Amino acid sequence: MDILQIVGLGLAVTFLVLVLKEKSPVFAVVVTLFAAAMIFIMLVDQIRLVLDMLQKMAESAHLNGVYVATILKIIGIAYVAEFGAQIAREAGQGSLAGKIELAGKVAILVLAVPILTSIVETVMNIMPQMGGG
Amino acid sequence: MSLDVNTIFQIAGIGIIVAMIQTVLKQMGKDDWAQWVTLIGFVVILYMAATMIDDLFEKIKSVFLSM
Chain A
1 MDILQIVGLG LAVTFLVLVL KEKSPVFAVV VTLFAAAMIF IMLVDQIRLV
51 LDMLQKMAES AHLNGVYVAT ILKIIGIAYV AEFGAQIARE AGQGSLAGKI
101 ELAGKVAILV LAVPILTSIV ETVMNIMPQM GGG
Chain B
134 MSLDVNTIFQ IAGIGIIVAM IQTVLKQMGK DDWAQWVTLI GFVVILYMAA
184 TMIDDLFEKI KSVFLSM
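Chains as they are written, first to last, in the working numbering: chain A, 1 to 133; chain B, 134 to 200.
Just so you know, these hints were derived from the structure itself, not from any lab.
Be a bit skeptical, because a hint or two may be false.
Result set (SDA-like, lysine to any residue): computed pairs, CA atoms no more than 20 Å apart in a straight line [what the hints assert, rightly or not]:
1) K192/B to L49/A
2) K56/A to I74/A
3) K105/A to F83/A
4) K194/B to V106/A
5) K21/A to A167/B
In this text the structure is predicted, and so the values were computed from the model without any measurement.
Kindly generate the complete structure, drawing on both the sequences and the hints.
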């Protein structure tokens with residue numbers, strides 16, 4: 001990944017889409033989609049580096065691996081849902097974009113359920129001791 | 134990487150050419166043919182984009198579901 005490459009690609013695609021939009025809007029949307037996917041692919045390797053660092057830190061802190069994996073999954077869902085929603089919104093389908101975002105939120109909530117449960121269990125374990133003591 | 138950039142220009146080129154063909158065919162009074170040309174061009178482009186999206190999702194899967 002090179003930032004200059006990505007910015008140049010973005011600008012080139014912007015002007016291509018400007019030219020293409022009056023001729024055939026559908027093709028313009030597909031070109032946008034393609035460019036977005038490509039920029040994302042260029043970024044994925046960098047994201048992998050950051051996540052590896054995060055994973056190493058979690059390991060050195062003796063954190064439960066399940067929690068880190070859940071957080072990574074949630075971040076991935078957020079990225080993918082945002083990607084899809086932005087493409088849909090760009091194509092003029094605002095309501096569909098809203099549904100995609102809703103789906104992402106629900107998926108994140110479902111993934112977070114085990115963590116929430118463990119928090120509640122921990123609190124419930126602490127509570128009787130406080131009441132009894 | 135450079136191959137992928139070429140694909141973007143390919144897609145844009147196909148779009149422009151299809152639009153031109155459509156205009157010419159409409160001038161000739163063959164509206165149904167123009168419709169078909171647009172449809173086939175769109176399918177070809179959509180196939181290319183779908184390949185790219187598949188690649189992207191595979192990469193995201195390999196990064197975020199690696200643990």
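**Request:** Could you tell me which of the hints above the structure violates, numbers in ascending order?
**Result:** none
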